[in-house]
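> Top to bottom, those sequences are chains A and B.
Using this note's numbering, the first residue of the first sequence is number 94, and each one after it goes up by one.
Using this note's numbering, the first residue of the second sequence is number 58, and each one after it goes up by one.
Take the hints with a grain of salt, since some may be wrong.
What the hints assert, rightly or not - Non-contacting residues of chain B with respect to chain A, defined by C-beta distances greater than 12 angstroms in every case (computed):
#1 186
#2 204
#3 232
#4 236
#5 245
Said to hold, decoys possible - Selected chain A positions facing chain B (Cβ under 7 angstroms, derived; list incomplete):
#6 219
#7 248
#8 251
#9 274
#10 283
#11 284
Claimed, not checked - In silico contact screen, one side only, chain B against chain A (beta carbon under 8 angstroms); selected entries:
#12 133
#13 134
#14 139
#15 150
#16 151
#17 187
#18 199
#19 202
#20 214
#21 217
#22 306
#23 310
#24 312
#25 315
#26 316
Don't read these hints as lab results, they were simulated from the structure.
Every residue gets a Cβ at the ideal spot worked out from N, C-alpha and C, and that includes glycine.
So you can see what is in the structure, the chains are spelled out below.
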Amino acid sequence: MAATVQSIGAFVIGGYAGPLAIILLTVLPAAIVAGVAGRLIRISFLLTLPIAISVVLVSVFTRAGTTVLFSVGPFDATAEGVNFAGQTLVRLFAISTSIGLFGLTTNPRAFVLDLERRGLSPRFAFVALATLEAVPAMVERATVIQAAQRARGLDTEGSLRARLRGILPLVGPVILSSLTEVEERSLALEVRAFGRPGRRHLLWTIPDSRTQFVVRLALVVVFVALVALRASGSIAGLP
Amino acid sequence: MLELRAATYRYAGYAKAVLHAIDLTIGDGEIVGLVGPNESGKSTLCLVASGLAPASVGGQLSGTLTIDGESMAGRRTHELAERVVVCFQNPNTQRSGVAATVFEEVAIGPMNLGLEVPEVLARTREAMALLRLEHLVERDPLRLSGGQSQLVAIASLLAMRPRHIILDEPTAQLDPAGTRLVGEALRTLAERGTSLLIAEHKTDLLDEVCSRIVALDAGRIVMDGSTRDVLTDDRLVTIGVEPPARERLRRSLVAAGVDIEPAVLAGLPA
């Protein structure tokens, strides 16, 4: 909820102050308390970088403006373009840090199971969880297949070229073996009444205090207020 | 009681049937062993007897599957799961993939049945105790050995407390101690009235736990009788099934001209 409100807030509030306030006053303190500030900044920076490069290039050189800072060939970099790029970047960084903080501080399993407790379909919850669990399972399978390929003389170490060459004999067996197991896996799930309609009683209880409930409620109010203020024109958007 | 009558089954897209006119009855509390060479149709019979073929697998079944007096024709898979469960031989494909601990893994079946939490917990604990898996409660299901995974897979089904259990090579990944554990658990279940069908290559296990053995060859039942009669029948070797160790020993002794007193090899057919 906090990540959603922070992201929407960063999106609807124009200028530098709003998104910076979101980063400095809400995201960073929470990240410091959770002990993930360093990782959060690093991850958010890496996530934002590709988009940031294109935003800067497109905004600085193509945005119409009266103040030309410098020219590269036929393209003029304008102060208005720099301003627009700067405001977009702080917004992007605010959004990526809030989503990153959510990712770094939330156990995906607990999140999905809590959603199921709140009404999400057990099937959807299963698909979401199985997807999360599929990655380590695939990595393990790949390790086993790689060991088998090495035992048969395949060289998967050494130069970059040798390593790349070693990937090809790995990809086919990993994908094919995963596919061939699908039927038996789905049968095994059906045997355990996975297709039974209706709700199930979960074993897990996610701690949820009254304070957390009040904070969530407050965030909903903030969310509605932000959207309303922006819709009424009380908050400025991007220039 | 689980009953198959004149069951002939053909997989979708195949011209020939894999099972032919199978008549098989498994009474409450009875443990029936299923033996046969590779490709004889044991796994297919497990699927048909559990109703998964054709309900989930597809294909064409003629004949009937009746469980506790009710026809299973047209039943949905979750309805079947409330009556009969089947354990496959590969433990990796039986992991739900969504549980963080072994306890959660075992609890998924009862949870899916819509049972209340105390009942889910009780069933899960009981199933784990039956296979002595308590020490694995907090372990990650992904980080288990093949044998442990297979025991967890069996426990996951036992926790559903089905009236009928079908096991397709349940001890393929197990060491002798694990195999013994499974044997003990199956006997306990049978004493409670659960009917069991076990497809196995390990005839020693069947020798210990089964009251009846059915031998399958090329999709047909070629022998159906008491454990002692079938496992000592010479035709078993002919179709490619190895008799249990004590029967092989008896034959070796007879071949060597040793006069065996039945009392010497307790329980061994004279």
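> Min Cβ distance, residue 251/A to chain B: is it shorter than 7 angstroms?
Hint violated; residue 251/A Cβ to chain B Cβ min 30 angstroms, cut 7 angstroms.
> Less than 8 angstroms between beta-carbons is the criterion; does residue 139/B satisfy it with respect to chain A?
7 angstroms, holds
> Against chain B, is residue 274/A within 7 angstroms by beta-carbon distance?
5 angstroms, holds
> Since residue 232/B was said not to touch the interface, does its Cβ keep a gap of more than 12 angstroms from each Cβ of chain A?
20 angstroms, holds
> If you take the shortest Cβ to Cβ gap from residue 306/B to chain A, is it below 8 angstroms?
Nearest chain A Cβ about 37 angstroms off; hint violated.
> Is the Cβ of residue 204/B more than 12 angstroms away from each Cβ in chain A?
17 angstroms, holds
> May I ask you to test the interface hint for residue 316/B with respect to chain A, counting a Cβ-Cβ separation under 8 angstroms as satisfied?
This interface hint is violated because 50 angstroms lies over the 8 angstroms limit.
> Can we keep the residue 202/B interface hint, with Cβ of chain A closer than 8 angstroms?
Violated. Min distance 13 angstroms.
> Any Cβ of chain A at or closer than 12 angstroms to residue 245/B, or is the non-interface label fine?
21 angstroms, holds
> Using Cβ atoms only, decide whether residue 187/B comes closer than 8 angstroms to chain A, and label the hint accordingly.
With a closest approach of 17 angstroms, the residue 187/B hint is violated.
> Hold the hint about residue 150/B up to the distance rule: shortest CB distance to chain A must be less than 8 angstroms.
Residue 150/B check passes; min Cβ-Cβ to chain A is 4 angstroms, inside 8 angstroms.
> Is the interface hint for residue 248/A satisfied, with its Cβ closer than 7 angstroms to some Cβ of chain B?
28 angstroms, violated
Consistency note: the structure conflicts with the earlier hints numbered 7, 8, 17, 19, 22, 23, 24, 25 and 26.
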